[in-house]
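There are 2 protein chains.
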Amino acid sequence: MEIGTIASEEVSARIGRLQARMLEAGIDAFLVTQHVDLYYFTGSMQAGYAFVPAAGEPVFYVRRSLERARRESAIAVTALTSLRGFRAQLASDHPAVFGGGSGTVSAVNIATEMDVLPATTYARLAEAVSGGVAGTALTDGSSLVRGMRTIKSPWEVGRIEAAAQVVAEALEASLPVLKEGVSELELMARLEYEMRIRGHIGLMRTRSYNMEIMTGMLGSGAAAAVPSAFDGPAGGLGLGPAAPQSTSRRTIRRDEPILIDIGCCIDGYVIDQTRTAVIGSLANDLADAYAHSERIVRHAERLMRPGTACDAIYAASLKDAAHAGLADHFMGFGSDQVKFLGHGIGLEVDEWPVLARGFGNPLEPGMVLAVEPKFTFPGRGVVGIENSYLITDDGCRALTKSPEGLIVL
Amino acid sequence: MEIGTIASEEVSARIGRLQARMLEAGIDAFLVTQHVDLYYFTGSMQAGYAFVPAAGEPVFYVRRSLERARRESAIAVTALTSLRGFRAQLASDHPAVFGGGSGTVSAVNIATEMDVLPATTYARLAEAVSGGVAGTALTDGSSLVRGMRTIKSPWEVGRIEAAAQVVAEALEASLPVLKEGVSELELMARLEYEMRIRGHIGLMRTRSYNMEIMTGMLGSGAAAAVPSAFDGPAGGLGLGPAAPQSTSRRTIRRDEPILIDIGCCIDGYVIDQTRTAVIGSLANDLADAYAHSERIVRHAERLMRPGTACDAIYAASLKDAAHAGLADHFMGFGSDQVKFLGHGIGLEVDEWPVLARGFGNPLEPGMVLAVEPKFTFPGRGVVGIENSYLITDDGCRALTKSPEGLIVL
Chain A
1 MEIGTIASEE VSARIGRLQA RMLEAGIDAF LVTQHVDLYY FTGSMQAGYA FVPAAGEPVF
61 YVRRSLERAR RESAIAVTAL TSLRGFRAQL ASDHPAVFGG GSGTVSAVNI ATEMDVLPAT
121 TYARLAEAVS GGVAGTALTD GSSLVRGMRT IKSPWEVGRI EAAAQVVAEA LEASLPVLKE
181 GVSELELMAR LEYEMRIRGH IGLMRTRSYN MEIMTGMLGS GAAAAVPSAF DGPAGGLGLG
241 PAAPQSTSRR TIRRDEPILI DIGCCIDGYV IDQTRTAVIG SLANDLADAY AHSERIVRHA
301 ERLMRPGTAC DAIYAASLKD AAHAGLADHF MGFGSDQVKF LGHGIGLEVD EWPVLARGFG
361 NPLEPGMVLA VEPKFTFPGR GVVGIENSYL ITDDGCRALT KSPEGLIVL
Chain B
1 MEIGTIASEE VSARIGRLQA RMLEAGIDAF LVTQHVDLYY FTGSMQAGYA FVPAAGEPVF
61 YVRRSLERAR RESAIAVTAL TSLRGFRAQL ASDHPAVFGG GSGTVSAVNI ATEMDVLPAT
121 TYARLAEAVS GGVAGTALTD GSSLVRGMRT IKSPWEVGRI EAAAQVVAEA LEASLPVLKE
181 GVSELELMAR LEYEMRIRGH IGLMRTRSYN MEIMTGMLGS GAAAAVPSAF DGPAGGLGLG
241 PAAPQSTSRR TIRRDEPILI DIGCCIDGYV IDQTRTAVIG SLANDLADAY AHSERIVRHA
301 ERLMRPGTAC DAIYAASLKD AAHAGLADHF MGFGSDQVKF LGHGIGLEVD EWPVLARGFG
361 NPLEPGMVLA VEPKFTFPGR GVVGIENSYL ITDDGCRALT KSPEGLIVL
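Protein sequences, first through last, are from chains A and B. The numbering of the first sequence is UniProt numbering, which starts it at 1 and goes up by one. The numbering of the second sequence is UniProt numbering, which starts it at 1 and goes up by one.
Among the hints, a few may not be true.
It does not matter which identical chain is used: a pair holds within one copy or between any two.
Stated by the list, open to error - The list that follows gives simulated cross-link-like pairs (lysine to any residue, SDA-like), each with its CA atoms no further than 20 angstroms apart:
{"id": "1", "residue 1": "319", "residue 2": "15"}
{"id": "2", "residue 1": "339", "residue 2": "79"}
{"id": "3", "residue 1": "179", "residue 2": "394"}
{"id": "4", "residue 1": "319", "residue 2": "84"}
{"id": "5", "residue 1": "319", "residue 2": "302"}
{"id": "6", "residue 1": "401", "residue 2": "283"}
{"id": "7", "residue 1": "319", "residue 2": "91"}
{"id": "8", "residue 1": "319", "residue 2": "339"}
{"id": "9", "residue 1": "319", "residue 2": "360"}
{"id": "10", "residue 1": "319", "residue 2": "182"}
{"id": "11", "residue 1": "339", "residue 2": "83"}
{"id": "12", "residue 1": "319", "residue 2": "99"}
{"id": "13", "residue 1": "339", "residue 2": "82"}
{"id": "14", "residue 1": "401", "residue 2": "75"}
{"id": "15", "residue 1": "339", "residue 2": "67"}
{"id": "16", "residue 1": "401", "residue 2": "312"}
{"id": "17", "residue 1": "401", "residue 2": "20"}
{"id": "18", "residue 1": "179", "residue 2": "250"}
The set of hints was computed from the structure by calculation and includes no laboratory data. Model, not experiment: these values are computed from the prediction.
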């Protein structure tokens, strides 16, 4: 079986869970449109739409490549002839949803991923699935999919661990490049090369509009502490106004913190980790802040188990930071602070759940989270650590493979 | 001035052109939301919305980073306090659009980029700008923006040429790696490294839903000819079902075509070029097909001048391919053929115009196009060439820097 091929039992289980959630939510069918969700529910990312009725067999309607979809997909594949004929095709394949050929159709509620589907594509699809027949609504089911994707199967956890192994090896292989006078970009290019030859697909997929992450963020000294549009604790200076985050052309110097917040995507699954390095030594307050970031991770590890509310872990980290006298520096500085400690990872890097205020939902076994306490010192740099964890039946297990501790060169 | 900083006169000219088009189209204001369009109309990609009235001063409403937006933006910057208060903020800043404080508001037509804006974000924004007041519509203005972005300024052409230079240097620096037994992925990783250290931001931005291009496609022999979801003449085998296009782990062999279709993004602007290489020699029919691809490019060069209809150039290439007896192999094979010869490039890789049937619009000075005739031989490989061109006042000028001709190693 090809690497990255999802076993058909795995797909069946996912479809079953989706159907159970749809019945609960009063949804008659799900129209899957996003390439990542298509991979999740069919095993294939070919271009088309997967139609999953609340009961009965799902079908992947494929525009191209049909040949490749047939080889990859764990659900039935058929050619999508035209968007104009899509309603008729659906009604004929799924009579239970559309009321059969009787012509009498009651209200049909079809859900889709309105959080990522562009507005005009949504409008076009809504028209196509209704086929001009009143009573068919295309509604938002994105929270349903994002919710069920929080729980990873053992196979998915294995993919995330494979990605963690690649990042660990790439970091180790690249550290010899990290010398005084090398630029952030040179070091990042080497890290990316080492991840790429090990199978990184080239970017970490994100769900959020306008968000781009190829391999994370590498920032040194003051450049790491520059605020940015990026909704994270350290955006970075970037390569200019057209790439205003992550790595810059700045030269790395002695005795300043170097934040290496990187990840990769292997077989579709991402890992996200941060280590802090220094050539020489850190000033005492920065070294202390780094030590505090490890303490916050230790505290989070003790709290992370099924039943703990996500916001309780965030609240604990705020308290820890305040206790250390570092409240103003925690997760960004001043008005640029971000309001979370960690986030789900999986097929995308901005998955649920989020360790943040307002997320009162409890952790569940199978969730995978990146926990990333960081402290920002404007003009001086960012220090911190980030590990990813699987929530187990009675606690959590680290998936990150790189050794902890400040990297001193 | 920092690299990638757009001169304020350049931004003013763009705003002026947008306003002229809005007046023509009966649009009262444009709400710019996409990061690429924000960069185009403000010079900054910070998170927020730019509001451009059909007459009067535009304002960039910024969520984060405000400090950075103030430094980067060529238009006025103000803090976006909350989406709930956005209507009141807009009405106060732009009384000419919203009917002043009189309370009597006539119909207001605000356009936005509905081709990329996710459906739920669109709905939230539509509610925010209407503020519950009847008569305010948020409509699709994406074709207006895509249309005006087809015409590049001399500064933009300079950015694209800088990207072309990087690709040419990276290709030259990487060819020593191309030996029998090396994998596609190893060669691609090296090409990407060479582009990255020269300033490639790490991906080539695309406008289409579900489309991902980091650095293009490198495919050898049969792997290049595998059909894919990608709407291009050669998708490639990829790394597995979760990355089912471009580079694979396949080992490159003697006497087979190696398609190197790569690009990069420098200061926000992309270049796109293809060269074909071989270790040893190509079979006669493949070598002939490659020669035909260069002939099609020569023919396109003669046709490309202001006034020529885009579809006429595509039609000419179809005729050339048929005349060579290669109609079935042109731009993909059989049912997987794509129906275009070239496409606009600029801030995104899938820009307008498209050299395809149905695109009867004439070329205009300032347009930049990638022209990519390719021939696919299932089980054997893909051969072809791709150059990018600027349409000048009386013809066209190649922006691609790499020498032409089959690369024989």
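Hints and how they fare:
1. For the homomeric pair residue 319 and residue 15, neither the shortest alpha-carbon distance inside one copy (41 angstroms) nor that between copies (48 angstroms) is at most 20 angstroms.
2. Taking the closest pair of Cα atoms, residue 339 and residue 79 come within 20 angstroms of each other only across two copies (18 angstroms); inside a single copy the shortest separation is 45 angstroms, beyond that limit.
3. Neither within a single protomer nor between protomers do residue 179 and residue 394 lie at most 20 angstroms apart by alpha-carbon distance, with minima of 43 angstroms and 52 angstroms respectively.
4. Proximity of residue 319 and residue 84 under a CA criterion of 20 angstroms is satisfied in neither setting, with 57 angstroms inside one chain copy and 31 angstroms between copies.
5. For the homomeric pair residue 319 and residue 302, the shortest alpha-carbon distance inside one copy (15 angstroms) is at most 20 angstroms, but the shortest distance between copies (70 angstroms) is not.
6. In this assembly of identical chains, residue 401 and residue 283 lie within 20 angstroms of each other by CA distance neither inside one copy nor across copies; the values are 27 angstroms within and 48 angstroms between.
7. Within a single copy, residue 319 and residue 91 get their C-alpha atoms no closer than 56 angstroms, and across copies no closer than 41 angstroms, so neither meets the 20 angstroms cut-off.
8. Taking the shortest alpha-carbon separations for residue 319 and residue 339, only the intra-copy value of 13 angstroms comes in at or below 20 angstroms, while the best inter-copy value is 60 angstroms.
9. Taking the shortest alpha-carbon separations for residue 319 and residue 360, only the intra-copy value of 17 angstroms comes in at or below 20 angstroms, while the best inter-copy value is 64 angstroms.
10. For the identical chains of this complex, residue 319 and residue 182 are neighbours neither inside a copy (38 angstroms) nor across copies (53 angstroms), given an alpha-carbon limit of 20 angstroms.
11. In this assembly of identical chains, the alpha carbons of residue 339 and residue 83 lie at most 20 angstroms apart only when taken from different copies (18 angstroms versus 42 angstroms within one copy).
12. Taking the shortest alpha-carbon separations for residue 319 and residue 99, neither the intra-copy value of 57 angstroms nor the inter-copy value of 49 angstroms comes in at or below 20 angstroms.
13. For a Cα distance limit of 20 angstroms, the shortest separation of residue 339 from residue 82 across copies, 16 angstroms, qualifies, whereas the shortest one inside one copy, 45 angstroms, does not.
14. Proximity of residue 401 to residue 75 under the C-alpha cut-off of 20 angstroms is found in neither arrangement, the shortest distances being 35 angstroms within a copy and 46 angstroms between copies.
15. Taking the shortest alpha-carbon separations for residue 339 and residue 67, only the inter-copy value of 19 angstroms comes in at or below 20 angstroms, while the best intra-copy value is 46 angstroms.
16. For the identical chains of this complex, residue 401 and residue 312 are neighbours neither inside a copy (26 angstroms) nor across copies (57 angstroms), given an alpha-carbon limit of 20 angstroms.
17. In this homomeric assembly, residue 401 and residue 20 never come within 20 angstroms of each other (Cα to Cα): the closest approach is 36 angstroms inside a single copy and 57 angstroms across copies.
18. With identical chains, the CA atoms of residue 179 and residue 250 are at most 20 angstroms apart within one copy only, with a shortest distance of 13 angstroms there and 35 angstroms across copies.
Hint violations for this structure: numbers 1, 3, 4, 6, 7, 10, 12, 14, 16 and 17, all remaining hints satisfied.
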